[in-house]
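Enquirer: Below, each chain spelled out in residue letters.
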Amino acid sequence: GAGVSQSPSNKVTEKGKDVELRCDPISGHTALYWYRQSLGQGLEFLIYFQGNSAPDKSGLPSDRFSAERTGGSVSTLTIQRTQQEDSAVYLCASSLVGGTVADTQYFGPGTRLTVL
Amino acid sequence: AQSVTQLDSHVSVSEGTPVLLRCNYSSSYSPSLFWYVQHPNKGLQLLLKYTSAATLVKGINGFEAEFKKSETSFHLTKPSAHMSDAAEYFCVVSDMVAQKLVFGQGTRLTINP
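Chains as they are written, first to last, in our numbering: chain A, 87 to 202; chain B, 11 to 123.
It is worth saying that the hints were derived from the structure and are not from the lab. In this text, all values refer to a predicted model and were calculated from it rather than measured experimentally. Cβ atoms here follow ideal geometry from the backbone N, Cα and C, with glycine treated the same way.
Which bits of chain A does chain B cover? Going by a derived footprint, with three or more residues having C-beta under 8 Å, they are: (1) 118-129; (2) 134-148; (3) 192-200.
Working from the sequences, and respecting the hints, build out all of it.
Expert: Listed below in structure tokens is the structure:
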């Protein structure tokens with residue numbers, strides 16, 4: 087079946103602009119996660135959505151970052167007033183249930199963001 | 011808090027020889043552990059996972075890993091390397107409290123002809 091999809095695959099923007107990154111999880115998966123992969127920091131957790139519960143935003147690096155998940159499916163990660171240090175690959179993952187340590191997360195191909 | 015340490019940033023082996031990628035974990039409870047692989051310009055793919063069942067876990071593409079509680083290790087092995095195994099490998103622990111994956115820094119595996 088279809089996996090996790092993300093768009094765009096690449097995004098180049100100028101410093102100070104806002105960007106939106108989209109994630110379509112696997113159909114039927116209730117949990118959705120955003121991670122960031124950068125050269126200096128490795129892979130970092132950003133935010134976690136589980137069903138209709140309030141999201142876990144503990145990994146968001148600043149208040150310029152926000153995310154929403156509409157209808158329990160598609161999610162959008164928004165970065166306002168982008169900075170050069172925001173350049174990274176942004177990865178989305180989904181899992182069937184969430185809330186358990188054994189639940190497998192399936193990753194999308196990522197969006198490569200470059201801030202000039 | 012949970013953490014993982016991948017002991018080698020880069021491993022290079024010849025095609026047909028065994029592969030060993032080392033990982034140590036730290037966890038205050040019985041962890042779930044994973045190995046993911048990332049090929050160049052591709053997404054992360056799950057190789058295998060340990061969830062407190064059998065300590066020897068078999069994954070895709072001939073990889074396996076053994077959970078050793080006494081050594082807090084979860085090393086990844088493969089008996090015979092193939093050129094297509096060249097990639098970045100991540101050892102991962104699941105954080106039960108925060109409902110997130112905690113990644114190691116990655117090990118780049120190079121296969122020499």
